[in-house]
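Use the sequences and the hints to build the structure in full.
Number of protein chains: 2
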Amino acid sequence: MAQLYVMRRWWQSRGISVRSMVNCSLVSKHRVENQVVDGTLQGLHTMTGGEGPHSYAHNSSYQRGVVDVAKPIIEEEITKKLDISQLSSNGLMNSFWIADFGCSTGHNSFLAIQMITRSIQKKIQSERLVSQVPDFYVFFNDQVTNDFNTLFGSLPPKRHYQAIGLPGSYHGRLLPKASLHFAYSSWALQWLSQVPKAVIDPSSTAWNKGRVHYLGARQEVVDAYSSQHAKDVEAFLEARAQELVSGGLMALVIPAATPKSAEDPNTSYTDIQSEMTLIGSCLRDMAKQVSS
Amino acid sequence: MAQLYVMRRWWQSRGISVRSMVNCSLVSKHRVENQVVDGTLQGLHTMTGGEGPHSYAHNSSYQRGVVDVAKPIIEEEITKKLDISQLSSNGLMNSFWIADFGCSTGHNSFLAIQMITRSIQKKIQSERLVSQVPDFYVFFNDQVTNDFNTLFGSLPPKRHYQAIGLPGSYHGRLLPKASLHFAYSSWALQWLSQVPKAVIDPSSTAWNKGRVHYLGARQEVVDAYSSQHAKDVEAFLEARAQELVSGGLMALVIPAATPKSAEDPNTSYTDIQSEMTLIGSCLRDMAKQVSS
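Protein sequence lines correspond, in order, to chains E and U. Position 212, counted from 1, in the first sequence is what my numbering calls 212; the numbers after and before it change by one each time, with no gaps. Each position in the second sequence, counted from 1, maps to that position plus 292 in my numbering.
It should be emphasised that the hints constitute simulated quantities derived from the structure, not laboratory data. Keep in mind that the hints are not guaranteed to be accurate.
As the list claims (entries may be wrong) - Straight-line distance between alpha carbons at most 20 Å, and here's what the computed EDC-like set of lysine to aspartate or glutamate pairs gives: (1) Lys197(E) with Asp223(E); (2) Lys123(E) with Asp135(E); (3) Lys209(E) with Glu275(E); (4) Lys177(E) with Glu567(U); (5) Lys469(U) with Asp135(E); (6) Lys501(U) with Glu567(U).
Claimed, not checked - Here are some chain E residues the structure puts well away from chain U; computed CB gaps all over 12 Å: (7) Arg64; (8) Asp83; (9) Ser119; (10) Arg128; (11) Gln143; (12) Val144; (13) Thr145; (14) Pro167; (15) Thr205; (16) Lys209; (17) Glu220; (18) Glu234; (19) Leu283.
Remember, it's a predicted structure, so these values are computed and weren't measured experimentally. Beta carbons are placed, not taken as given, at the ideal position from N, Cα and C, and that holds for glycine.
This is how it looks when you write it as structure tokens:
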């Protein structure tokens with residue numbers, strides 16, 4: 001739950017330019033990766049599948065709003081930066097590969113993919129560097145346990161791309177080297193691949209006393225989350241660096257919470273700290289009931 | 293149900309050599325495509341998903357036996373005919389693409405894919421034409437309504453390929469041009485894309501009087517099924533012809549029933565004719581109950 005971190009810092013420390021689209025400290029209600037039950041890790045979790053009242057499909061309107069906010073920025077970046085001449089010189093324009101990493105059941109993903117493919121079509125047609133618009137192949141990625149049946153069953157009937165399901169962790173390689181033209185990920189990279197070990201180790205200075213978030217915690221706890229997040233994002237980027245073709249583009253929409261004070265990253269979260277503690281406590285009670 | 297046809301004839305009439313692996317007139321209990329309900333077509337159907345007692349996963353031991361029978365023949369063909377030098381000269385050996393068209397929930401497919409990838413690895417290593425074995429990408433294809441969740445959830449944990457879900461009809465293009473190195477399909481091509489219109493048209497000479505099979509029927513009925521099957525197989529082959537790379541291979545395992553007399557294709561089926569009529573009658577009763 002409380003695995004958000006101020007990504008801006010990490011990115012900028014790596015010399016990567018960041019364009020802010022959303023600043024928000026809210027968290028999804030429906031995804032917990034590696035939740036802690038009695039100090040042990042309980043494996044990977046995905047969003048709630050299906051179309052029911054508790055499904056991600058019906059509880060992701062906030063994330064849908066994020067797509068709307070990101071839309072004009074992504075469109076502008078495609079227009080400005082997608083290098084069709086470089087792509088076509090590599091002989092790669094028969095098919096154009098797009099991947100959405102962490103797509104869940106796809107309801108928001110389909111909107112984003114429609115926007116992305118339209119922008120790319122427009123760019124290709126305006127430059128007239130290739131004789132025809134290539135065939136689009138869209139790889140919808142999420143954990144193996146994701147509800148791909150709902151995703152495939154909800155695909156827009158009138159679409160101009162071949163949908164493909166790509167199960168697996170985006171922290172590793174999923175596609176052939178130099179195959180991907182456009183990488184996209186929205187509201188997914190904040191989820192850690194695992195709970196930082198130090199925060200669940202009572203003998204560690206970063207022990208988090210059973211809480212599932214770092215709000216109001218000591219700096220050591222924040223650093224432990226930060227360190228895990230940095231590792232995960234690095235693994236994601238290294239995998240995509242291998243998969244992306246030269247001249248391709250990547251658009252990542254990431255939740256970020258800017259600290260009120262750059263010196264004290266904890267100060268920004270005090271408004272939701274008590275709420276997060278309550279939710280964390282409920283989650284642990286629920287986990288105990290399930291496991292008992 | 294009774295959409296089997298003697299494929300050998302059609303293939304040989306097209307000048308394609310056929311190597312018989314299985315001669316059988318049995319049909320799967322769990323797949324009906326475009327079943328007829330009161331003379332109307334009811335859309336595409338897939339195998340029963342999940343892992344329950346009525347699932348395809350637990351009712352496909354016959355089809356599993358088919359994989360065992362086909363195994364030595366496919367291995368031999370890979371050893372003899374897979375042209376590694378041609379594939380590597382095309383610069384395609386960083387990744388090796390395999391597709392299983394009509395894989396259902398994958399339990400039998402995984403066995404076949406393991407056998408195919410091992411044979412290819414062996415072939416590549418024995419020829420020493422490339423410095424290392426390429427990464428394998430396996431596209432598991434079936435209708436959009438197929439149970440891909442069960443397929444992904446059942447993937448062998450220790451496997452040396454990236455599994456990819458490819459939803460859609462194999463009667464059309466699914467993959468980029470010249471991308472596929474090995475096409476495979478087992479016990480799937482006998483299913484028609486639609487019921488032949490003439491057999492459900494009371495004014496046609498090929499009207500089948502409400503029956504869902506052609507056993508013991510007039511030649512016009514057999515011809516109507518044959519004609520539809522020829523169209524479907526042609527569409528399948530045309531799509532694969534575009535997708536396969538030069539030097540690639542295709543292995544199709546297809547049920548076939550050889551007529552006792554080449555002049556009278558009906559004579560071979562008399563032993564199961566009454567059984568098929570009974571099953572057909574039950575199916576129609578069930579369909580009426582569902583639709584009423």
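Hint check:
1. Lys197(E) with Asp223(E): holds (12 Å)
2. Lys123(E) with Asp135(E): OK: Lys123(E) and Asp135(E) at ~15 Å, within 20 Å.
3. Lys209(E) with Glu275(E): Judged against 20 Å, a Cα distance of about 17 Å means the pair holds.
4. Lys177(E) with Glu567(U): Between Lys177(E) and Glu567(U) the Cα gap is close to 53 Å, so the pair fails against 20 Å, i.e. violated.
5. Lys469(U) with Asp135(E): Measuring from Cα to Cα gives roughly 10 Å; hence the hint holds.
6. Lys501(U) with Glu567(U): holds (17 Å)
7. Arg64: holds (23 Å)
8. Asp83: holds (20 Å)
9. Ser119: holds (21 Å)
10. Arg128: The claim stands: Arg128(E) keeps its Cβ more than 12 Å from every Cβ of chain U (closest is about 22 Å).
11. Gln143: Per Cβ check, Gln143(E) is inside 12 Å of chain U; nearest 9 Å; violated.
12. Val144: Incorrect as stated: the minimum Cβ-Cβ distance to chain U is 5 Å, not above 12 Å.
13. Thr145: violated (7 Å)
14. Pro167: Per Cβ check, Pro167(E) is inside 12 Å of chain U; nearest 5 Å; violated.
15. Thr205: Holds, because the least Cβ-Cβ distance between Thr205(E) and chain U comes to about 36 Å, which exceeds 12 Å.
16. Lys209: With a cut-off of 12 Å, Lys209(E) remains clear of chain U, as the shortest Cβ separation is near 35 Å.
17. Glu220: holds (36 Å)
18. Glu234: Consistent with the label, Glu234(E) stays out of reach of chain U, its closest Cβ about 21 Å off (over 12 Å).
19. Leu283: Nearest chain U Cβ is 25 Å from Leu283(E), so the label holds.
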